[in-house]
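Enquirer: Chain by chain, the residues:
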Amino acid sequence: MSQPLHAPLEISFDYTRSLGPTLGEFVTALAGRRILGARASDGRVHAPPFEFDPLTGTPPAEFVEVGPGGSVVSWTWTERPLDGQPLRHPFGWALIRLDGADTAMLHAVNAGSADRMRTGMRVRPRWADRAGTGITDIMCFEAEEDATTRDEHSEAEPGEPVEPVEPAEPAEPVTMITTPIRLSYDHTVSPGESSYLLALAEGRLIGQRCPACGKVYLPPRGACPVDGVPTRDEVQLPDTGIVTTFCVVNVPFQGQRVPTPYVAASVLIDGADIAFQHLILGCPPDEVRMGMRVRAVWKPREQWDTGAHNIDHFEPTGEPDARYDSYAHHL
Amino acid sequence: MTDVAVIGFAQAPNERHSPATTNGVEMLVPIFHEVFAATGLTKNDIGFWCSGSSDYLAGRAFSFVSAVDAIGAFPPVMESHVEMDGAWALYEAWLKILTGEAEIALAYGFGKSSAGNLRRVLALQLDPYLVAPLWPDSVSIAALQARLGIETGLWTESDMALVAARSRANARDNPAALRQAGSSDVSVVSGDEASAESEGTVRCLWELLARPYVAEPLRAHDCAPVADGAAVVILAAGERARELCGRPAWITGFEHRIDSASLGARDLTTAPSAAAAGNAAGASRAQVAELHAPFTHQEIILRRALDLDDGVNVNPSGGALCGNPMFAAGLARIGSAATEIINGRADVALGHATSGPALQQNLVCVMEAR
Numbered sequence: 001m002s003q004p005l006h007a008p009l010e011i012s013f014d015y016t017r018s019l020g021p022t023l024g025e026f027v028t029a030l031a032g033r034r035i036l037g038a039r040a041s042d043g044r045v046h047a048p049p050f051e052f053d054p055l056t057g058t059p060p061a062e063f064v065e066v067g068p069g070g071s072v073v074s075w076t077w078t079e080r081p082l083d084g085q086p087l088r089h090p091f092g093w094a095l096i097r098l099d100g101a102d103t104a105m106l107h108a109v110n111a112g113s114a115d116r117m118r119t120g121m122r123v124r125p126r127w128a129d130r131a132g133t134g135i136t137d138i139m140c141f142e143a144e145e146d147a148t149t150r151d152e153h154s155e156a157e158p159g160e161p162v163e164p165v166e167p168a169e170p171a172e173p174v175t176m177i178t179t180p181i182r183l184s185y186d187h188t189v190s191p192g193e194s195s196y197l198l199a200l201a202e203g204r205l206i207g208q209r210c211p212a213c214g215k216v217y218l219p220p221r222g223a224c225p226v227d228g229v230p231t232r233d234e235v236q237l238p239d240t241g242i243v244t245t246f247c248v249v250n251v252p253f254q255g256q257r258v259p260t261p262y263v264a265a266s267v268l269i270d271g272a273d274i275a276f277q278h279l280i281l282g283c284p285p286d287e288v289r290m291g292m293r294v295r296a297v298w299k300p301r302e303q304w305d306t307g308a309h310n311i312d313h314f315e316p317t318g319e320p321d322a323r324y325d326s327y328a329h330h331l
Numbered sequence: 001m002t003d004v005a006v007i008g009f010a011q012a013p014n015e016r017h018s019p020a021t022t023n024g025v026e027m028l029v030p031i032f033h034e035v036f037a038a039t040g041l042t043k044n045d046i047g048f049w050c051s052g053s054s055d056y057l058a059g060r061a062f063s064f065v066s067a068v069d070a071i072g073a074f075p076p077v078m079e080s081h082v083e084m085d086g087a088w089a090l091y092e093a094w095l096k097i098l099t100g101e102a103e104i105a106l107a108y109g110f111g112k113s114s115a116g117n118l119r120r121v122l123a124l125q126l127d128p129y130l131v132a133p134l135w136p137d138s139v140s141i142a143a144l145q146a147r148l149g150i151e152t153g154l155w156t157e158s159d160m161a162l163v164a165a166r167s168r169a170n171a172r173d174n175p176a177a178l179r180q181a182g183s184s185d186v187s188v189v190s191g192d193e194a195s196a197e198s199e200g201t202v203r204c205l206w207e208l209l210a211r212p213y214v215a216e217p218l219r220a221h222d223c224a225p226v227a228d229g230a231a232v233v234i235l236a237a238g239e240r241a242r243e244l245c246g247r248p249a250w251i252t253g254f255e256h257r258i259d260s261a262s263l264g265a266r267d268l269t270t271a272p273s274a275a276a277a278g279n280a281a282g283a284s285r286a287q288v289a290e291l292h293a294p295f296t297h298q299e300i301i302l303r304r305a306l307d308l309d310d311g312v313n314v315n316p317s318g319g320a321l322c323g324n325p326m327f328a329a330g331l332a333r334i335g336s337a338a339t340e341i342i343n344g345r346a347d348v349a350l351g352h353a354t355s356g357p358a359l360q361q362n363l364v365c366v367m368e369a370r
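Protein chains in written order, with the working numbering: chain A, 1 to 331; chain B, 1 to 370.
Only chain B is shown next, with the shape it has when bound in the complex (with noise of 0.2 Å):
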């Protein structure tokens, strides 16, 4: 089988409200730039394109064709679209890999979740019959997730501060994480950031729970802000790889999995899907870990479902707490893992995605140095 490693990543800044249209063209097109420019290719070299997004967040019709602008796709490329995370763009860009039909793909994900009410838009992602009728918001099907996890003592509302307080550390050394305004954690939390038993980090945790809920029981630093962003990742096959990328990210596993779309029928408390997946791809080898968990408990299940033992380094690039951009957030999850391999700091990384609410689908994508 061919081998397909991740050799170039690159996203946009995290904004609260991106001036961006929402056919994402503003934000990507310097992210291409960037990647051509550290990859030393051009747009000619690219033989597939696929994007992920999505037109119930844009409010419009047919928006990712407008992002092919932002291609300059001429003369005719080979393009496709996903109307999911950009992550599921990489994985149908990594099977053409593996097809033989290209040699070099790119796979772009791009969201202005700003543009509308986003846990309202979100409400159109659930069962149309039976659920989305009611209107019930992300958050809010996150909290009864969360719940369930703390009356069953699986976590504690503390341990999921410390997954907030931990990721807005981690994100000082990100320039693409969100800034969130009027957000004093990260200065609070101690430089030794893994240490709970440190003074900074158990004041700060103290801090964190006297806010009030969201959405009993969760709070503002349990839910990811709502983020505008984009993100973009090249992979090419074996030799190419080499000659482009001096210690590409071989993909060793790719695989996704999804739940049942009906809520009441899931045990929340697990994600069965991310489990299948990264058993499926290998997860347990991961020495890093770029999980994507719009919520604080999220985090827990996936680090339980996925087999990452406390030596896992999890989320240095703040994950998703710290920039969730709706359809590039799990792109950007999987091009921050492929880049601690790629940087030296990692043998093996795994990148993760999911889709739906509470964890309903997962992607895990493993990757490893050689």
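The following block holds chain A by itself, in its conformation from the complex (with noise of 0.2 Å):
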């Protein structure tokens, strides 16, 4: 068997947090450039803030404010950087613990390359442009004659980003973020569902059939759901079928592409015994019914892929309808 199918599968989703009272004051000073911390039951200082104290469990009494500037407890260094990281070219992630904090947080160092990082360097925030994001207020740190040449320079080196003015403190405070989330996936279909791909593209159903009771799954599954053997005994399967159950849809949605209302069905092929899900077209919604008798209509053939919306739809063919026990066990 060849390499099963496999095709890039990207997703992406925005994910909106609510902040609560702790972030939300954390992330209302970042955006008025102000870094907090939370003074726990022992004294200590937690910079970024607990939202419960480690030791009581009760929500921070007092938050202070630490740095801007701290010092680097630990750090690694990035080549090459992933998708979503603060900075672009090689930098630095480090541990850093503010000036008043007595715990570290977790952020990049802009330092140009490895051999000026080390631990105990002195660093300062370098803020972004757009306030009122979260942790991304601080667009990274960098080394603390670095920020000081800057500002002494502040039309400093060509191409380099301006430092932006100081935003006054926002009228209103902070409360939600949102977290974009995109991931890149390879996504492999089973060699069964590969065969059953690759005949969808020359127009043909393939169905697989298990050894152990028979059943024949379209399209075909990793392993029978009943006794968790392969089906790898190919079978050849016609174009039409019964409508085993329906619903009409009267509901608009996003990204609908048939005006309403239309029916959406079960429709089991003949020689299969598993129904997938398809539109019936091609007659009033309320003339389709159980046990009628369908066919696949399919896109022009210069359209074909490999993939199930091959099949445009389902029509009735006119013939007469399936007996109900033939399909009841089906249901």
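Read the hints as simulated data drawn from the structure, not as lab findings. Quantities reported herein were computed from a predicted structural model and do not represent experimental measurements. Each residue gets a CB set at the ideal place from its N, CA and C atoms; glycine is no exception. Hints may be right or wrong, so weigh each one.
[Unchecked claim] Below, a sample of chain B positions facing chain A; criterion: calculated Cβ distance under 8 Å:
{"#": "1", "residue": "19"}
{"#": "2", "residue": "25"}
{"#": "3", "residue": "124"}
{"#": "4", "residue": "136"}
{"#": "5", "residue": "144"}
{"#": "6", "residue": "151"}
{"#": "7", "residue": "309"}
Assemble the dimeric complex from its two separately framed chains, guided by the hints.
Expert: Quick look at the structure:
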């Protein structure tokens, strides 16, 4: 068996998160270019602040301003930054203990090269142009001497972004942040699904039969869900079948491609033991019924690829309906 | 209290790029058959099933539901899932037997780590408010931990390389271990694996230490390579365990603990949660220990936290450094440790699993022969 089909799969979602009282305080302060810590019951200052005291479990009673300068407690170097990381060129990750804090925070250090990084190095935050985004309000940290140099030559190096003007404390507290998450995968289908998809590209339907119970699965599955054994015997199937059950869709939704009302049905292909969902077009919705004989309407051949959408929809064949007891056990 | 023992274990070969789907069925079906053949059980004998896996790894919703196809769950079975390593699924299975709701239980874990960019996907296990938005990768976080230990004098880069060399030497006898392309280390290490003084090992260490950093101070040999795989462990209660296995691995301690999610508030040179779990489970009695340490320095931290002296045989399988399939590697550690007892090579064995960044959460399972 050759390598199963695989394709890139990109998923993305913008997580919106409500911050709550403690992180809201911290993030609101960041938007005003200040960094807050919280004093714990043992007197230690945690920066970023804890939401619940590690010893007593109570919310912080006192916020204290820390930094903005601090010292590197530990560091490493990233030669090839990953998508989403604070800087696009090589940079250091560091645990940074801000002045006045007893704990460290994780952030990027824009140091130019690894040999400029060291434990104990003094760093300062470099603020991002945008405020109110959360921890990314701090674009990165940089060596104190670099920050000072840049302050002294405010029109400094060509191509360098100009240090943004210190914003005033925002009128409104920041209560929400949005974190976009994008992930890339190489999605692989099973060997059975590969055969199925390759056959679809030729306008054919292929199922697989379980060697134990004899049931035919379309699309094939990695294992028979009844017996837990691979279903390797391929079965050629026609593109005709019956409607086992259906519903009339009257509700519009985003991405809908057929005008309402229309019928979404469970279609059981002749010779298969598991139904799949598809559209029934070609007759008024109120004429669709359980047991109705249907056939696949394929898209024009030039639009075929290795996907289930090669079948545009199913339409009635006009043959007599199947008897209820012939499909009752497939409901 | 009911006595519960591990009576069966199987694992899929660790692969760098498995052709399997992310729902694990192709990796799970063969090992279910293997463990049933070895124990004489069938799926109908299993009173409770529990799996460990992650949709973030699969990049799709409810991937563990598709995995249930591998069971052949008809008639319907009693089944559960944890979004954690299969070791925690085993913990749930153990509790299920202790409550009397099952006599035989099966835990499995699976992960196709190679489907996405693993060290980036793992950023999503971090604090979603103040850390994950920066996308710090798992290797960089481990590197911050490794440096702290080096600079406080707790271990050296040579100590770390020695862990890698020993793991790779041990993995020669483990058919499931990841075969690392282009790796000459295994053949360079002398047959007498533990002797740091032997010329072969020293030569090997020099070679390892001459290589470039991946994330300073970590080199490639310090990091578990990305691996796809699956593992399954069967538990049985009392008499049933004795009937099914000549030398069951009786569980005498099974504990898990967690440290703060705040990386900067933890002392990363230690693993208090591992120490607490080990203490409660009786870790220091172990003769052999399978430690789930995805980075070389983490094995050093765990040895200390679990109070394992130099006489303890650590990671005879080669450990996670030679096969770290996400969500299965911790369960495989427990299964490998249990196998040491079942095969008569040890009387007391320890299996350990970790989860989260920089050894944040730790589970210890101590087993013994009777």
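Enquirer: The structure should be examined with respect to each hint, and the outcome stated for every one.
Expert: Comparing the hints with the structure gives:
no.: 1; hint: 19; in the structure: 6 Å, holds
no.: 2; hint: 25; in the structure: 3 Å, holds
no.: 3; hint: 124; in the structure: 7 Å, holds
no.: 4; hint: 136; in the structure: 6 Å, holds
no.: 5; hint: 144; in the structure: 4 Å, holds
no.: 6; hint: 151; in the structure: 6 Å, holds
no.: 7; hint: 309; in the structure: 29 Å, violated
Going through the hint list in order, the structure does not satisfy hint 7, though it satisfies all others.
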